[in-house]
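Colleague: Both chains come to you apart, so use the hints to assemble them.
Residues per chain are reported as follows:
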Amino acid sequence: MKILTTVKKVVDVELTMHVEDGAIVEDGLQYVINAWDESAVEASVQLKENNGAETTLVSIGGGDNTDMIRRCYAMGIENGIHIDDPALAKADASIFAKVLQKVYEKGDYDLVITGKQAQDTDSGQTGIILAEYLGVPCVSNVIAIEVMDDQHIKVSRVGDAGTEIVELELPAVVTVDVSINEPRLPQMRGIMMAKKKAIDVMDLAALGTSDDEVEGATPKSEIVEFMVSKTRKAGQKFEGDAAEITAKVVDLLANEAKVL
Amino acid sequence: MAKILVIADIKQGVLKSSTAELLSKAKTIGAETAVVAVGSNIESLTSDLANAGSDTQYIADDPSLELFSAGPYASCVVDAAKQFGANLIWFGFSESGKAVAPRVATQLDAACATEITDVELSGDQIEVIRPAIANKVMQRVKVNTDQLVAVVRAGAFEATEGITGTENVVKLSAPAPDLKAVIKELISDAIGEIDLVDADVVISVGRGVKDQAGVDLVKELANDLKAGFGSSRAMVDGGFMAHNKQVGQTGKIVAPSLYMAIGISGAIQHLAGMTGSKVILAVNKDTEAPIFNVADYGIVGDLFEVVPILREEIKKIKS
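Sequence order for the protein chains is G and R. Note that the numbering used here numbers the first sequence so that position 11 is 11, with each residue one more than the last. Note that the numbering used here numbers the second sequence so that position 217 is 217, with each residue one more than the last.
Don't read these hints as lab results, they were simulated from the structure.
Below, in silico cross-link-like pairs of lysine-lysine (DSS-like), each with a Cα-Cα straight-line distance of 25 Å or less:
#1 R:K278 <-> G:K258
#2 G:K154 <-> R:K184
#3 R:K278 <-> G:K233
Which stretches of chain R does chain G cover? Using the computed rule of at least three CB atoms under 8 Å from a CB of chain G, they are:
#4 174-183
#5 298-305
From the derived model, a few chain R residues whose C-beta atoms are all more than 12 Å from chain G:
#6 I29
#7 N51
#8 D79
#9 Q83
#10 E158
#11 E167
#12 N168
#13 A213
#14 V215
#15 E220
Just so you know, even glycine gets a beta-carbon here, dropped at the ideal spot from N, CA and C.
This is chain R alone, in the form it adopts within the complex (with noise of 0.2 Å):
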């Protein structure tokens, strides 16, 4: 039997979703499932882990964890690996997990798969599915190794209802800080803010948006509606939105029930984050626009005009 260890993926003290989605995946395909959580202070997650359908909780819990640190962050992983005899490691869609999967994979001597969609599992033999070139294609992967760390692509799972799993936790110690790379300064999100990768619904704003006042202008509507906030390459260029809030191939994949495209024309790049959202609506004023190439729903307007209609619209059928 397969045995798949997750990595727990934890914001500001909160488990994300990717960890009940990816551990629901590994229960419905019949492994034996642990999960591993590295931080500061999360001992009291132990029971989210377990509820999210793991049945065993490697926990390393020490001050020196609180900030991200690549290298402690692969120890632990690797400890817990070993010690649950894992031969398939999941990471969520993460920075964190984008870093650490290579190390991990290094060290065990092990293959490395990112951005995977699917895997397939027949006896020893481990396939996986990805997509490749900016989404274009999709690659089918062979394994030649025992084992595979893999980073599963944001929406590739689906948590089920009614997977669940028992407390049974393991205490890691706390590895050696590295001190040939030191972390000095977390210039952090807002506390509460909404995770992109987490959100229902995303609303991200282009070029079309032109400046502060028109980002001010959707910022507006992503708080009606308690959307996760991005943006495409455009914006963070121009310093108007964070780097971590940019959405496509160079940053985050989304993948939410709805994504709203506003001011956005489409690069490829930007389509690569976020085409595997459930619905897509885009609003810009460009009727050529390549975004309504992906969209379900497309306002072809100027988004000045169309934002607040918007507001006032969804205002009216939520309440």
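One chain only, chain G, in its complex shape (with noise of 0.2 Å):
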């Protein structure tokens, strides 16, 4: 089985942002692997020393990826593909899916793993379009893959009447949600060899993309603005007798807040 797995470089949601003139202030911002990617790189080693596949991964943009592709073959993977390109600056989730399209044309995959979000957009998209392209079935929110066979593989999904049990015909498109797994620390000799590994890097040329499918195309939505969110302010704090304090914030909650 041959595994693709898209990595996202994102923002690091802890640290406080700033917002200047519409724009996030760049200055001491921090960049990690997306939490959701994790997962999918985690769930793609976990499928190759289980049952045995070719893993490589994908990462679009993003400037210097050389760390965080590391950190990846660390984990397990084998391969790294890097497609940077200026043009890519106003992609949206389309745009990336055409270019995730060509890689997967070139790589003869039978399933892409991708997170279900990105958490510097928090968008969700991406990976569904990417499937829509490939004409190949996709389920969304993954918790857990099983391989059933050389062509289908069962998933377990988080929807919202309960837990769904999905069989899918490969090749596929999965997203998963962060609770499929924990994904394992690189261990210093996984670092070590991941240091000598060399990385693909291309530009939207080299990959072959069609000028009016990426590089000519108007995205479909494209942001024009960034602002601050509103913040909820620290209210009243009660301590001491757990009896009284208790009675008292009950007391708020039907007569001041009027919620009860």
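Modeller: Listed below in structure tokens is the structure:
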């Protein structure tokens, strides 16, 4: 089985964001692997270890992604592709999906695993759109993957009415939730080996995308402005005798907030 | 005039409140409205769908649509969108909506935006507002196509008193099943269980409740209040709570009138799922817990002591 995993470098959400003139202030930001993609990497490596598979990751944009890709190598991914091109600066999910389609078509993959969303955009579209472009089945929000045979996998998905068990014919795309696994910490031996491994860096010309689909395409939507989120303020905090303060808070909920 | 198609959110045969909220918003901005409902044995919902504010009801009712399958579901929505000539297609916040919206957008060659909290129309130009980076910033997004498929964040729009619609049913033919992604089983929630996203009161448990006994203790309070019962990620990972009960950036986004965080420290990923609530109560023994920074009311104390008192005091006030 050949598995393609997508990995995005994203801003660390633990940090404070500052917005000036409609843009996020870059100063002081740090970038990390998207948590959902890290789970996709772990899921790929587990499939490799348990069922035998060749694992490849692809990352789009982000400038120098060497550290992130090496970390994924150290976790057990075998091959890495990085597509970087100034033409992707304004790309939306459907343009990223077009680029991924090109990568997929060059590699004869059986399974694509993506994180279900990126923690910078919280959008959750790219993997699903990729499956539409490829004309292959797709299940999103997956929390378990089991290989049935060469042509089929069984996945568990968190749906609205409970957990859905779905059998997929390969090739297929699955997008995973972080709860699918606990990504491993790279070990020293893996980190040392990863340093020697090459990363296949290419621009769009080298990938062979067509102009009207990617480079010259107008994104279907674009971010025109960032704004500061409304933040909540800390309210009244009570300490002391549990019976007394709890009664007080219940009274406030009923008579001040009027929500009981 | 804008034509807005709203996807009916149906769970266990009941129309959820998001449908009326989205249709109200559509009518408030002067749009022509239609709704598409996909499922099995749902014809009895027709009048509910009209009353929610739709003037045309596209109904795909077929036994093959009983269990959710994203492919056929998307086909039904695309069919309705084309027949109606919709330029805005709105899903309420749901896992099925998040799975289907990008498919529908791709098939219609339309733009797609998830988690939107507002929409602005001026002439043919569509713009939406949505949070990003775990709620830390908001984005204004310009749509470059004539059509937008959007998933609306829970609590973003309110149902308006007095808005209603008319019955005008258009039956949709059942789409072919997806033979390459076959749903084998649904391990379903208990019948009648209160839906987190719909509930007026949501009570969530975190690491502080420690174990099953702690979960059960707080569950009793949730039962008393007929509240939705949610969880932080820690309790899901620990196996104490089901995956679809997780509130946060990676789970459900909720915006109830009252949210009670019991034994939840308040990691940024959890806050991203609940800070849209009207009133937040936090119970935590750590006075420095970040949850207190967003809580309107905070009780610093041992939840095992506080929760039983909370139950008694609420019972007293309700009686």
